[in-house]
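Visitor: First to last, the sequence lines map onto chains B and Y. Counting in the numbering used here, the first sequence runs from 1 upward without gaps. Counting in the numbering used here, the second sequence runs from 1 upward without gaps.
Please note that a few of the clues may not be correct.
[Claimed, not checked] In silico DSS-like links for lysine-lysine, alpha-carbon gap of 27 Å or less: (1) Y:117 - B:20; (2) Y:165 - B:130; (3) B:132 - Y:165; (4) B:94 - Y:165; (5) Y:169 - B:130.
Rather than coming from a laboratory, the hints here were simulated on the basis of the structure.
The primary structure of each chain is shown beneath.
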Amino acid sequence: MSDLTIRNLKKSFEDIHIIKGIDLDIKDHEFVVFVGPSGCGKSTLLRLIAGLEEVTSGSIQLDERDITDVAPAKRDLAMVFQSYALYPHMTVRKNMSFALDLAGIDKAEIQRKVEDAAKVLELGPLLERKPKALSGGQRQRVAIGRSIVRNPKIFLFDEPLSNLDAALRVLMRLELARLHKELNATMIYVTHDQVEAMTLADKVVVLNAGRVEQVGSPLELYHHPVNQFVAGFIGTPKMAFLKGTVKAVSNAGVTVALDCGPHYQLPHQSTSLKPGDDITFGIRPENIEVVAADQSPFKVRLDVTEHLGADTYCYIKLANGEMMTVRAPGDFMADYGQNAGLLPDLSQAHLFDASGKTIPRPRPPAQAA
Amino acid sequence: MLTLKQGRQLQTVLLGTLAWLVALTIFFPIFWMILTSFKTEIDAFATPPQLFFTPTLENYLHIDARSDYFHFAWNSVVVSFGSTLLGMLLAVPAAYSMAFFETKRTKSTLLWMLSTKMLPPVGVLVPIYLIFKDFGLLDTKFGLVLIYTLINLPIMVWMVYTYFKEIPKDILEAARLDGATALQEIYRVLLPISKGGLASTVLLSLILSWNEAFWSLNLTASSAAPLTALVASYSSPEGLFWAKLSAVSTLACAPILIFGWLSQKQLVRGLSFGAVK
Numbered sequence: 001m002s003d004l005t006i007r008n009l010k011k012s013f014e015d016i017h018i019i020k021g022i023d024l025d026i027k028d029h030e031f032v033v034f035v036g037p038s039g040c041g042k043s044t045l046l047r048l049i050a051g052l053e054e055v056t057s058g059s060i061q062l063d064e065r066d067i068t069d070v071a072p073a074k075r076d077l078a079m080v081f082q083s084y085a086l087y088p089h090m091t092v093r094k095n096m097s098f099a100l101d102l103a104g105i106d107k108a109e110i111q112r113k114v115e116d117a118a119k120v121l122e123l124g125p126l127l128e129r130k131p132k133a134l135s136g137g138q139r140q141r142v143a144i145g146r147s148i149v150r151n152p153k154i155f156l157f158d159e160p161l162s163n164l165d166a167a168l169r170v171l172m173r174l175e176l177a178r179l180h181k182e183l184n185a186t187m188i189y190v191t192h193d194q195v196e197a198m199t200l201a202d203k204v205v206v207l208n209a210g211r212v213e214q215v216g217s218p219l220e221l222y223h224h225p226v227n228q229f230v231a232g233f234i235g236t237p238k239m240a241f242l243k244g245t246v247k248a249v250s251n252a253g254v255t256v257a258l259d260c261g262p263h264y265q266l267p268h269q270s271t272s273l274k275p276g277d278d279i280t281f282g283i284r285p286e287n288i289e290v291v292a293a294d295q296s297p298f299k300v301r302l303d304v305t306e307h308l309g310a311d312t313y314c315y316i317k318l319a320n321g322e323m324m325t326v327r328a329p330g331d332f333m334a335d336y337g338q339n340a341g342l343l344p345d346l347s348q349a350h351l352f353d354a355s356g357k358t359i360p361r362p363r364p365p366a367q368a369a
Numbered sequence: 001m002l003t004l005k006q007g008r009q010l011q012t013v014l015l016g017t018l019a020w021l022v023a024l025t026i027f028f029p030i031f032w033m034i035l036t037s038f039k040t041e042i043d044a045f046a047t048p049p050q051l052f053f054t055p056t057l058e059n060y061l062h063i064d065a066r067s068d069y070f071h072f073a074w075n076s077v078v079v080s081f082g083s084t085l086l087g088m089l090l091a092v093p094a095a096y097s098m099a100f101f102e103t104k105r106t107k108s109t110l111l112w113m114l115s116t117k118m119l120p121p122v123g124v125l126v127p128i129y130l131i132f133k134d135f136g137l138l139d140t141k142f143g144l145v146l147i148y149t150l151i152n153l154p155i156m157v158w159m160v161y162t163y164f165k166e167i168p169k170d171i172l173e174a175a176r177l178d179g180a181t182a183l184q185e186i187y188r189v190l191l192p193i194s195k196g197g198l199a200s201t202v203l204l205s206l207i208l209s210w211n212e213a214f215w216s217l218n219l220t221a222s223s224a225a226p227l228t229a230l231v232a233s234y235s236s237p238e239g240l241f242w243a244k245l246s247a248v249s250t251l252a253c254a255p256i257l258i259f260g261w262l263s264q265k266q267l268v269r270g271l272s273f274g275a276v277k
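Just chain B, with the same shape it has in the complex:
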């Protein structure tokens, strides 16, 4: 078992509040990803869990045991650092056996555990090398191997892929996902890269300015963000946000007038909105279709288009200065400055009130998380 329970956790450095009261439950076998912009406190939260930083207030429990003030060594956690943090003076084998050595485990047992982990990570031929004779990807695997041999309750990863090149990153991402399945372990993973968060996580924790914005499955976050921050942070290219005003609120939904022109009737249900309120209309790039200028009331001029092969990104600067992106099919062709019309799929649109909170939209059965 390895259930982690965090209650009202706070961390301040002098008078700077980094973590401002976090409650979080992490269940056995879950792959949890902390994601957020830099400075949001995600690494600090991980270090608090690891015991590398002292908690200012609040509690951390691991399987009913309060570990808030327990020394890092006694928490039964293993951590993979962004810099790998291998011991440069030890061979790969020594790096991996160091923790077991300190714990006074029997030599033969250590040897068996190291060889097992080396097999899983294909490190066998490298065991007698020093870290400086390894490539980035290999070092990364040694760092992971060092945690595996200890068979910890929870694996902690602090941006482990950010020092690798793009191709290797994708490869290691897959390897981590496979490792999670094979070890059936509980993992907490910190990243600023929302693609890593989406692809790896069972549960994503979006952090911003020391608070949890939303916790949920990747698709839950993608389709039903609780606020404008999460909506904008998850997904690339970003969701477009268009400012507007509420025109009417009824049982059928909300009618909005966008500053850039068009009026839309949306199926969202709200009891708090009233006509005249400021509102933000959000739409993801793939939920918009580009059509001829005369086929839509939403008339725009296309800016630059980028052909990625499978997709084409059309960048659009609206008359009122707002920017948006449309994901069009790969064979979509358009000229710079060409006039066009946009047709948003209103069933997929998002609405946020003046404080950035989401106005819930009806869930189609397929998307119910």
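Starting from the known structure of chain B, arrange chain Y on it as the hints suggest.
Guide: Same frame as chain B, but now just chain Y:
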């Protein structure tokens, strides 16, 4: 006009010449001291100075007859190694805490420690002398070890701190998570990684202690007197005997010169304060 290549060659030659000039200027007094030590007292005084003469060992024989060189040499060895050992025992933990558990006051503490080196030693001679007298430390090797440790400690802490600063904190944190206690963290991870820098610090401390003269002259008489005191004893009462003084100086410098020469590489790395990774 010079071509680019010729210009670069000329620059190399000029810089090389300059370096040789500086090196020779620095080396000359040592060379002259060794040379003089093999002259008779008459040759040593001659004007113009003589570069070619009949060498003699009489000065060395005289020293051997008059003083017990090995007594002084042994004292030098004991106080140099003793103060270096004690200094390292204090400097490593101090630098560890300052490098890895930095607080708001760390920088000013470091500066304050170094600022004690700016005080002229003679300014504290009387109080230190009285303290040594009251504690029975005058003319004891232990007393010298203490005073040398104190005067070298700021430099040692500063150097070790600089080396520790180069080591990523992550590595120590990884050890902490791997179950290492603070002592295991230092002895099994930190010290092996920084052994190059620590060796330089040890060397520098040995050399500084070996060459120290002010305190050894003032705080010792005979039983704890190191080589520097032996040299000084040759400069006084009967007037100046240049050849004998040179011989005794050569004997005092020789061990540390040979030692320094053998560990040149380590020393250069150390004095460049970790600029070389």
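Visitor: All hints, please: hold or fail.
Guide: Each hint tested on the structure:
Between residue 117 of chain Y and residue 20 of chain B the alpha-carbon distance is near 46 Å, which puts this suggested pair outside the 27 Å criterion. For the hint pairing residue 165 of chain Y with residue 130 of chain B, the CA-to-CA distance comes to about 22 Å; that is within 27 Å, so the pair holds. Taken as a hint, the residue 132 of chain B and residue 165 of chain Y pair is honoured in the structure, with Cα atoms around 20 Å apart against an allowance of 27 Å. Pair hint residue 94 of chain B plus residue 165 of chain Y holds up; C-alpha atoms about 24 Å apart against a cutoff of 27 Å.
Between residue 169 of chain Y and residue 130 of chain B, the direct Cα distance comes to roughly 19 Å. Compliance with the 27 Å bound is thereby established for this hinted pair.
The structure is inconsistent with hint 1 alone, although it conforms to all the rest.
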